[in-house]
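*Asks:* So the chains spell out like this:
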Amino acid sequence: SQTIHQWPATLVQPVGSPLSLECTVEGTSNPNLYWYRQAAGRGLQLLFYSVGIGQISSEVPQNLSASRPQDRQFILSSKKLLLSDSGFYLCAWSDPGRLNSPLHFGNGTRLTVT
Amino acid sequence: GNSVTQMEGPVTLSEEAFLTINCTYTATGYPSLFWYVQYPGEGLQLLLKATKADDKGSNKGFEATYRKETTSFHLEKGSVQVSDSAVYFCALTSSNTGKLIFGQGTTLQVKP
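For the record, the sequence lines run as chains A and B. Residue numbering for the first sequence follows the numbering used here, starting at 1 and increasing by one per position. Residue numbering for the second sequence follows the numbering used here, starting at 1 and increasing by one per position.
Just chain B, with the same shape it has in the complex (with noise of 0.2 Å):
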């Protein structure tokens, strides 16, 4: 079946420190993948979005590249920001179903 697989956490970095945080997928069809964000006691928010393969997401200095070829969906920032700390989840639709399949969600503490 789908699933998404995200690297585990906490993820604790320095402010202004360049982001990384994986995410790889099993998926049949030809999913549209997703970063969303939860922010302390909040909902999610959707981040960014890619519906095909080679699509670059991007939004509030994020990105992501959606890889068929490693099943890979990585989110990047070049410099971090106290206020990036949140929850990350990366997601997918499944083309024939609709259903948004979460990942467990990584934390991302960044400090002063």
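The shape of chain A in the complex, shown without the other chains (with noise of 0.2 Å):
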């Protein structure tokens, strides 16, 4: 079966701290990935998904940036966190080659930038 992790939980950061999120997939060959994120009192909103490695869309301006080095690892970054930057932060990963598949999202990591 397949199994999506996340790390890690709970983080702390500085302002003007780099970032690392990492989002890994078991049991499924090239899926589709995403990152997702969830401020405090908001909705989710989508900042990039990939359909393969290397291929990452960027779906609003932003301090992070992503990376697929692997087929089965999404990872999540900044060079300098803003304050603005807090929030629960979501994996999530989809059947590769069906559109309306829904998504298996990992259990989350929030972040607190201080």
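Hints are computed from structural coordinates only; laboratory data are not their basis. Please read all numbers here as calculations on a predicted model, not as lab measurements. Be a bit skeptical, because a hint or two may be false.
[Said to hold, decoys possible] Cross-link-like lysine to aspartate or glutamate pairs, in silico, EDC-like; alpha carbons within 20 Å at most:
1) 99/B x 71/A
2) 80/A x 22/A
3) 99/B x 59/A
4) 79/A x 59/A
5) 60/B x 84/B
6) 77/B x 8/B
7) 77/B x 54/B
8) 52/B x 95/A
9) 99/B x 95/A
[Claimed, not checked] For each label pair, taking beta carbons as the anchor points, the in silico distance ranges come out as:
10) 71/A x 46/B: 21 to 29 Å
11) 107/B x 10/A: 16 to 24 Å
12) 29/A x 16/B: 42 to 50 Å
13) 97/A x 52/B: 12 to 20 Å
14) 16/A x 68/B: 43 to 51 Å
15) 7/A x 1/B: 27 to 35 Å
16) 79/A x 79/B: 46 to 54 Å
17) 9/A x 81/B: 23 to 31 Å
18) 16/A x 52/B: 46 to 54 Å
19) 39/A x 111/B: 26 to 34 Å
20) 9/A x 22/B: 30 to 38 Å
21) 8/B x 30/A: 35 to 43 Å
22) 14/A x 53/B: 44 to 52 Å
Note that the Cβ used here is the ideal one computed from N, Cα and C, for glycine as well.
Reassemble the complex: the two chains are provided individually, in unrelated frames, and hints are given to aid placement.
*Replies:* Here you go:
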């Protein structure tokens, strides 16, 4: 069966520090991968999605970047965090080749920028 | 563009009450519609889905019917439990992009 792992679960970082959140998927090949952010009291915003290694689409201009160095690994990064980067970050995957397949989410990373 | 609108929360109900959470959408093409649930401190879990007009998705006593004529996908449950307390997200995937677009979420609080 497929599983998705996301870490760390919580993170407190000072303003201006770098960020690296990692997500890996097991049990499937060439998944579509996604990073979402959920700000306090707000809905989910799609940040990045990827349909293959090295293929990253950015949905909104921001202080973050994403990379997919391996088929089932998706990394969210920042060189210098801002206070507004605080939030709950969720990684997700979906079946490749099926446009309307549901997303399967990790347990999320709660990031607090101080 | 594609979008999803949910009723604002929080929705507070007593145990065994009837639940409706409204969801309407705007989309081009033929989207699939989903309800996800997020329990406190956790990620999202798929609750139910419907892939074409008049389909009814159901799971754990929850139901939602894909209404193309009213562009709606309202979530219902006949008798809620305290354990149903969570945030519920309505979402759609666009048939031409495959990306999942979420509503803003509705918090449900069920009191014993």
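*Asks:* Decide, hint by hint, whether the structure agrees.
*Replies:* Hints versus structure:
{"no.": "1", "hint": "99/B x 71/A", "result": "holds (19 Å)"}
{"no.": "2", "hint": "80/A x 22/A", "result": "holds (17 Å)"}
{"no.": "3", "hint": "99/B x 59/A", "result": "holds (10 Å)"}
{"no.": "4", "hint": "79/A x 59/A", "result": "holds (19 Å)"}
{"no.": "5", "hint": "60/B x 84/B", "result": "holds (10 Å)"}
{"no.": "6", "hint": "77/B x 8/B", "result": "holds (18 Å)"}
{"no.": "7", "hint": "77/B x 54/B", "result": "holds (18 Å)"}
{"no.": "8", "hint": "52/B x 95/A", "result": "holds (19 Å)"}
{"no.": "9", "hint": "99/B x 95/A", "result": "holds (12 Å)"}
{"no.": "10", "hint": "71/A x 46/B: 21 to 29 Å", "result": "holds (23 Å)"}
{"no.": "11", "hint": "107/B x 10/A: 16 to 24 Å", "result": "holds (21 Å)"}
{"no.": "12", "hint": "29/A x 16/B: 42 to 50 Å", "result": "holds (45 Å)"}
{"no.": "13", "hint": "97/A x 52/B: 12 to 20 Å", "result": "holds (19 Å)"}
{"no.": "14", "hint": "16/A x 68/B: 43 to 51 Å", "result": "holds (49 Å)"}
{"no.": "15", "hint": "7/A x 1/B: 27 to 35 Å", "result": "holds (33 Å)"}
{"no.": "16", "hint": "79/A x 79/B: 46 to 54 Å", "result": "holds (51 Å)"}
{"no.": "17", "hint": "9/A x 81/B: 23 to 31 Å", "result": "holds (27 Å)"}
{"no.": "18", "hint": "16/A x 52/B: 46 to 54 Å", "result": "holds (49 Å)"}
{"no.": "19", "hint": "39/A x 111/B: 26 to 34 Å", "result": "holds (27 Å)"}
{"no.": "20", "hint": "9/A x 22/B: 30 to 38 Å", "result": "holds (33 Å)"}
{"no.": "21", "hint": "8/B x 30/A: 35 to 43 Å", "result": "holds (39 Å)"}
{"no.": "22", "hint": "14/A x 53/B: 44 to 52 Å", "result": "holds (51 Å)"}
Hint compliance for this structure: every hint is met.
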